[in-house]
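A.B. asks: If you want the building blocks of each chain, they are given just below.
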Amino acid sequence: MSDPLLEVEDLRTQFPTERGVVEAVDGVSLRIEPGEIVGLVGESGSGKSVLAESIIGIVEEPGEIVGGDIRLRGESLRDKSEAELAALRGGELAMVFQDPMNSLNPTLPVGEQIAETVRLHQGVGESVRLPAEVKRKILGVAKNSEAWRRAITMLEAVEIPEPESRATDYPHQFSGGMRQRAMIAMALSCEPDLLITDEPTTALDVTIQAQILGELKGLKEAFDTSILMITHDLAVVAETCDRVNVMYAGEIVEKASAQQLFANPQHPYTQGLLASTPRLEDPNQEIDPISGTVPELIDIPYACHFAPRCPEAKRECYDIEPEFRPVGEGIERSTEPSNPATAAADGEGRRGDRSVSNTEDRPEEHVAACLRRGREADRL
Amino acid sequence: MNDEPPNARSNPDHERTRNAETDGGLDPGIGRNSPSEPEPTETPPFGEPMDVPPEYRQEESVVEHRSLRSRIVRGLREDKLALFGAVVVVGFVLVAVFAPYVAPYDPGATFGFMQSPDSYSQADVDGDGSIERVWHPLGTDSFGYDVLSRIIFGARVSLAVALATVLVAFTIGTAIGLAAGFYGGWIDSVLMRYVDFQWAFPEIILGVAIIAFAGGRGVENVVIAIGIAYIDDFARLIRGEVLSLREEEYVTAARAIGMSNRRIMTKEILPNAVAPLIVQATLMIPLAILAEAGLSFLGLGVSPTTPTWGLLLSDGRQFISRAWWISVMPGIAIMVVVLAFNTLGDGLRDIFDVSDSEVEQR
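Line by line, the protein sequences are chains A and B. Residue 48 in the numbering used here sits at position 48 of the first sequence, with consecutive numbering throughout. Residue 336 in the numbering used here sits at position 336 of the second sequence, with consecutive numbering throughout.
One should not assume that every hint holds.
To be clear about the criterion: a stretch of chain A counts as covered by chain B if any three or more of its residues have a C-beta under 8 angstroms from a C-beta of chain B, and this derived list gives those stretches [as the list claims (entries may be wrong)]:
no.	region
1	90-100
2	106-119
3	126-139
Restraint-style ranges between C-beta atoms, simulated for each label pair [stated by the list, open to error]:
no.	chain 1	residue 1	chain 2	residue 2	range
4	B	Asp-196	A	Ser-127	36 to 46 angstroms
5	A	Phe-324	B	Asp-196	49 to 59 angstroms
6	A	Glu-84	B	Thr-266	19 to 29 angstroms
7	A	Glu-84	B	Trp-186	25 to 35 angstroms
8	A	Thr-17	B	Val-52	51 to 61 angstroms
Simulated from the structure, these hints should not be mistaken for lab results. These figures come from a predicted structure and were not determined experimentally. For each residue, glycine too, the CB sits at the ideal point set by N, CA and C.
Produce the complete structure using the sequences and hints provided.
C.D. replies: Here it is in structure tokens:
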């Protein structure tokens, strides 16, 4: 593939607290190619939102990026000053937030909020200094201004009916779905290269959810934007994403194409997530939730963060850092270390019944997923 | 178990957007002039709906753009109490500005002492040497000044001092509270410890100290002194608002579109925090009038010969049993103005609170 649009490498974001350091993002690497929709799934509290905030550089105090690198088209964002980052935000990097009810300023008309983004980033020659702002506040926005027309175009693009009159409405006059569309319009108004959507449909009902997802996909084509789709909803991933990263407790545990992730989940956590999803086709299927909850991310002592909840955990999982390696075409997962003597047989036995097709197709890779790093290092 | 990906149906909306795009209905470029052209290839998800029969069609609501100016005009038209407040306030301001033309007599002209309201005295008011019979609708005070004329001229200093004082306190207090609440940390600690310090200080004492420091009496020094003394009320109020507002998601969203801190404070947080401030400001106006009276009473305000409402009130205090009107009349003036400011402030708060007022009107 061509150069990646965004590369995140071994990113670490921490929040110092009184009880210890919360490692919300603990060595995450991911890449997004131009024009791609990449999913980021995981339970609540797994660090997805902090990862998103880290990427666009709005981690709240006292949180801090302590390591790793974020590169947008090869340029490191961590080297940039706050002013340079502010210029990127909303311009090349945009974000849509989870809660459309509270993501718009209640005291400004919706169109004005979109126009503001345009004024800040598009260089339409409209002042954003105080006198100009005061004039706009008192006299209202000039209807024929470039930024305002752009706002209306964007509202139309996200299918808000009667965009000219709705643009002058305040957020409380919009329904939840319309607000989320307005947020998307705002995010896309400056044609960003990367749009991060943090659970964009969680607060919406299913019909609106489907519409919004459809629109996002359509707009992705129209504006040639890559999307990082953060969600805990696997159905959303299935419907929209090209590739998926599964995140757990600050770490990415599995990366795969959307197809493969659903067909053949490798990491026990992914398997658990999928098993926890109720399915209509199989009424007798037992929902099998992962036991326990995401641990507090304060100084986790054991190596594999998932070990205490993992049905396949072994002694070594607590001691040895898991490692990323390919375990099949297009799939990577962090592996569990296991005992050299029993690994091969053990792994094959356990995996065999779970994903038969894969074992048949690529037995070597599949077994590799269950091997300890020592063995794997020999082979690779 | 998960052998095939869950339901990846093609999304009709997706199709629709694409179609629209190829037909030019979706133009990402800026500066389109006709955004209202109908979408040519509308394919709704559940087949083409029939046209709504004409008798069931709803009129499209025409919503004019609501600038602050139009909101205030409309808000006042609908809120009669606020309109009353506005009329009274404007009336008093006009009277104050045109005091020499409105007042029946010169505020320095003396007549008979302590004449009751609706009485007459003999005096040469137009300076032509002849003695006329003059009417005192509100009586005269202990120096023989006409109370009505004194109240009218007193409105000049009192209103100007009150408004300027509240403006000073509002501006500085808001800036302090906004910065403290928004940035937190050591900025918050330093600023709020100062506010606490001021809180612990009696306002009049602080005012006296500031006037002494500023170098003596005079209207400007009174404004500065009382203004500074009231900073803490505004700073505390807005800091509390900001603390809760800065956690709002739209503030994070504003950051995510690249707004600077200063911009977020002025455009996202302040407008949402301003409603209680306006009410507070209208409540501070009477306090400022009285504080000015207090300072004048102590001989630190404006000069004793300049009429101000507070001064008139305190002058008449000692004669209250013999000549009630000397202090009651300026007291009524203060009361009416305070009431007017309060109703106006209440109305303004409703106007600024967008989400409250607009819903009912739709």
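A.B. asks: Is the distance from the Cβ of Glu-84/A to the Cβ of Trp-186/B consistent with 25 to 35 angstroms?
C.D. replies: Check passed, 26 angstroms falls within 25 to 35 angstroms.
A.B. asks: Holds or violated: the region 126-139 of chain A covered by chain B, criterion of 3 or more residues with Cβ-Cβ distance under 8 angstroms?
C.D. replies: Check passed, 6 qualifying residues.
A.B. asks: How does the region 90-100 of chain A fare against chain B when you require at least three residues with a CB closer than 8 angstroms, holds or violated?
C.D. replies: It holds, with 7 qualifying residues against the three required.
A.B. asks: Lying within 49 to 59 angstroms: is that true of the beta-carbon distance Phe-324/A to Asp-196/B?
C.D. replies: holds (54 angstroms)
A.B. asks: Does the beta carbon distance between Asp-196/B and Ser-127/A stay inside 36 to 46 angstroms, or does it fall outside?
C.D. replies: For Asp-196/B and Ser-127/A the Cβ distance comes to about 39 angstroms; the hint holds.
A.B. asks: Mind checking the hinted window 51 to 61 angstroms against the Cβ distance between Thr-17/A and Val-52/B?
C.D. replies: At 58 angstroms between Cβs, range holds.
A.B. asks: Are 3 or more residues of the region 106-119 of chain A near chain B, judged by a Cβ distance of less than 8 angstroms?
C.D. replies: Coverage by chain B holds here, the residue count being 7 at a Cβ distance below 8 angstroms.
A.B. asks: Falls inside 19 to 29 angstroms, the C-beta gap from Glu-84/A to Thr-266/B?
C.D. replies: The hint (19 to 29 angstroms, Cβ to Cβ) holds, given that Glu-84/A and Thr-266/B are roughly 22 angstroms apart.
Consistency note: the structure conflicts with none of the earlier hints.
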